[in-house]
Amino acid sequence: MSTTSTFNRTAPAAPPPRRAGLFGRLAGFSQRHRWTALLLWLVVLVGAGAGASAAGDHYRDDNALPGTESQQAVDLLKAHGSPQAGDTVIIVLHRAAGLRAAGTADSVHTMLRKVAALPGVASVGDPYQDRTALSADKTIGFTTVVLDKPAGTTTSDKARQLLDTARTAQHDGLQVELGGAAARSLVKDSGGAAEGSGLLAALVILVFMFGTVIAATLPVISAVFAVGTTLSGIILATHVVTIPSYSPYVMMLVGLGVGIDYALLIFARFRGELVDGADPHTATRRALEAAGRTVLFAGTTVIIALLGLITLGLGSLRGLAVAVALTVLVTMVASLTLLPALLHLFGKRFARQFTARARRRAEKGKAAYGARWRQWGAAVQRHPVAALLVPVVALGVLAVPALGMRLGLADAGSDPAGSTSRAAYGLLSQGFGPGFNGPLIVVADGHGKAVGAPAAELSRTLRQTPGIAGATDPIPVRDGKVASVIAFPTSAPQDKHTTGLVHRLRDDVLPKLAGGTGAGYRVGGPTAAVVDYSDMVTARMPLFVSIVVGLSVLVLMAVFRSVLIPLKAALLNLLSIGASLGAMTLVFQDGRLGAQAGPLEAFLPILVFAIVFGLSMDYEIFLVSRMREEWLRTGDPDRAVREGLAHTGGVITAAGAVMIVVFGSFVLSSQRMLQQFGFGLAVAILVDALVIRCLIVPAAMRLMGRHSWWLPGTVARRLPELRVEKS
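If you count the sequence shown from 1, position 509 lands on 509 in full-length UniProt numbering, and the numbers rise without skipping.
Some hints here could point you the wrong way.
Quick list of in silico lysine-lysine cross-link-like pairs, DSSO-like style, CA-CA up to 30 Å [stated by the list, open to error]:
1. K496 / K512
2. K449 / K496
3. K78 / K512
4. K481 / K449
5. K78 / K158
6. K449 / K149
7. K138 / K114
8. K138 / K78
9. K481 / K78
10. K512 / K481
11. K78 / K114
12. K78 / K449
13. K449 / K512
14. K114 / K158
15. K481 / K149
Per label pair, the in silico range of CB-to-CB distance [stated by the list, open to error]:
16. A97 / Q129: 20 to 28 Å
17. L307 / G448: 41 to 49 Å
18. V553 / G211: 37 to 45 Å
19. G56 / T311: 52 to 60 Å
20. G56 / V390: 49 to 57 Å
21. V390 / R359: 33 to 41 Å
22. L567 / G313: 28 to 36 Å
23. S53 / V390: 49 to 57 Å
24. G518 / S123: 29 to 37 Å
Honestly, the hints are just simulated from the structure, not real lab data.
Where is the CB? At the ideal position from N, CA and C, for every residue including glycine.
Work out the full structure, taking the sequences as your base and the hints as a guide.
What follows is the structure in structure tokens.
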């Protein structure tokens, strides 16, 4: 067997002149039909927007978790016709003078009759008939409204109707609030301030980079067209498929970031071709032939990683993954079709401006661009060990807190101050204890027999279990074969002690009880469902990460004809993501920097991984492909690193800065999920674009030297060659 190895530095012979490739033809088409391309994009944007405005949205949060115990509890209640399988809202009442004060009960009962008459309301309780519905001092009370629709399907319009009707009793010091998942749909955060500040900051960075407002505006225009079109399309799609209510915010965050980033990569190459003397038409074609390939590869990588989330079976995450993947796809298409048309329209103006700036720099004895990055690369190469070890150790330390990451889903206690759901949460905690906002619904199944005695024993057992403040009497369904008991923990829904209680009930308390009664028991309810969701993410994430990383290593091996570069890229990508998750844990879980302490949103770590890994591949290919060009041309590995950094360092840092300010601006949002997501992505890009690509990668390439491009001969002969960046 042959053991021959190769450093793969022999550049292929120059091919004979041939017609332009796919991207060159695409650029030519967009240039020849520039007005058609612009008009088509405008028609699609306006048409989709008009359709979305007319149809309205129908976002739904699919909380189904097939195979989990909480889902089994819901299915059991549904199968036996229990009203608890329907969606519910809680009307919370508060009056400092007491709810039994003169006239208060009459006002409440009048209001409850109005609520009961609303369409879609199955039943309404009475706080004055339920001895557990009033606080000890009788100043706070609640009643449950059961709807005839499944849980998670109540629209914000329906919730608004319920709230407005309930608040007809709000007078003479009586406060009325609405709690429950349906009430949380009333929490609106347009993100306008976050988006506006992010776009403005991105525009400022682009102006500094290109020196002209028009040039800086084109990448933003391309991104806005793409995001606007996708958002309208997704609104229409909500009437057909299940898409969660928080999708638009995530789509805007990701779409604006990657949209500007992709357009910037192409525009920067376009500027470089103009400075080198190409005419605008040729510069556009060459830019798309080169950077367009990188955009296509990077965008496809992100899309594949996002669609891979569908296989995890995590309820709403499936709809979110499709929505964000579609956003990335449309931004990629806009960068490859709309942007070339815009470049052709302004090409002559840009040619004059960019060449004039390059000429002035040359007159001052400076290189047209890249001189400082070339010097930076040389400095890193003089001290490669320190340049590698110091940041790697620092990022490793930052990643350590992620090992103690606790996952969950934000409850109403994390909703914006002033929202009715946040007020209801606070009143219930004040009147009945923190665990009242996250009750556990324990279902007793008689396996076809009457369940009265086993359910009564369940209620007694729960009341005696440490960590439970109280439990209701059994609530049987009509056939008497299934019953439920509502248990109230002593701790808040997001508290780690509540999570521990759920596991203790399932693993210890209820199995022992089942052995004595012969019945089956299932712990359900929203709080238990959050525990199941978090456990599913924790269990399935390692396999997902392994598959994505493994495939990326194989693809990069085919692109760069190297063994060490793909392995280095995978390890450094994981390091940047680990540092991001560690920073999120410190800030949002531990409550540093003034943030409210609590668990991280359960789906965010895996979503951050999918997006950041794809973006990191983008920067890796953009940087290393330039290094490979120089290696093939000169055979000098050190010079290849310096020249690669000189040609791409400015673009990578500018693109990273744009995404950092766009992602980071969402920290201004009032929604905790968006704060965590924006912060996590911003930290990951900061680490990847500035620390890893501009410091660690050059140092590692210097230390690996010629071995960076080593590939065993047997592998080289069998491995297909993928050309991503065409020089």
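Verification of the hints:
1. K496 / K512: Holds - the C-alpha atoms of K512 and K496 are around 24 Å apart, at most 30 Å.
2. K449 / K496: Measuring from Cα to Cα gives roughly 36 Å; hence the hint is violated.
3. K78 / K512: This hinted pair holds, its Cα atoms lying about 26 Å apart.
4. K481 / K449: Holds. K481 to K449 sits at ~5 Å (cutoff 30 Å).
5. K78 / K158: holds, 22 Å
6. K449 / K149: holds, 28 Å
7. K138 / K114: This hinted pair holds, its Cα atoms lying about 23 Å apart.
8. K138 / K78: violated, 34 Å
9. K481 / K78: holds, 13 Å
10. K512 / K481: holds, 20 Å
11. K78 / K114: holds, 27 Å
12. K78 / K449: Given that 30 Å is the threshold and the Cα spacing comes to 17 Å, the pair holds.
13. K449 / K512: With a Cα-Cα distance of about 20 Å, the restraint between K449 and K512 holds, given a limit of 30 Å.
14. K114 / K158: holds, 14 Å
15. K481 / K149: holds, 23 Å
16. A97 / Q129: 20 to 28 Å: At roughly 21 Å between Cβ atoms, Q129 and A97 fall inside 20 to 28 Å, so the hint holds.
17. L307 / G448: 41 to 49 Å: The hint (41 to 49 Å, Cβ to Cβ) holds, given that L307 and G448 are roughly 42 Å apart.
18. V553 / G211: 37 to 45 Å: holds, 39 Å
19. G56 / T311: 52 to 60 Å: violated, 31 Å
20. G56 / V390: 49 to 57 Å: Cβ of G56 to Cβ of V390: about 54 Å, so the range 49 to 57 Å holds.
21. V390 / R359: 33 to 41 Å: holds, 40 Å
22. L567 / G313: 28 to 36 Å: holds, 31 Å
23. S53 / V390: 49 to 57 Å: Roughly 54 Å apart at Cβ, these two residues keep to the hinted range, so it holds.
24. G518 / S123: 29 to 37 Å: Roughly 32 Å apart at Cβ, these two residues keep to the hinted range, so it holds.
In this structure, the hints that do not hold are numbers 2, 8, 19, in rising order.
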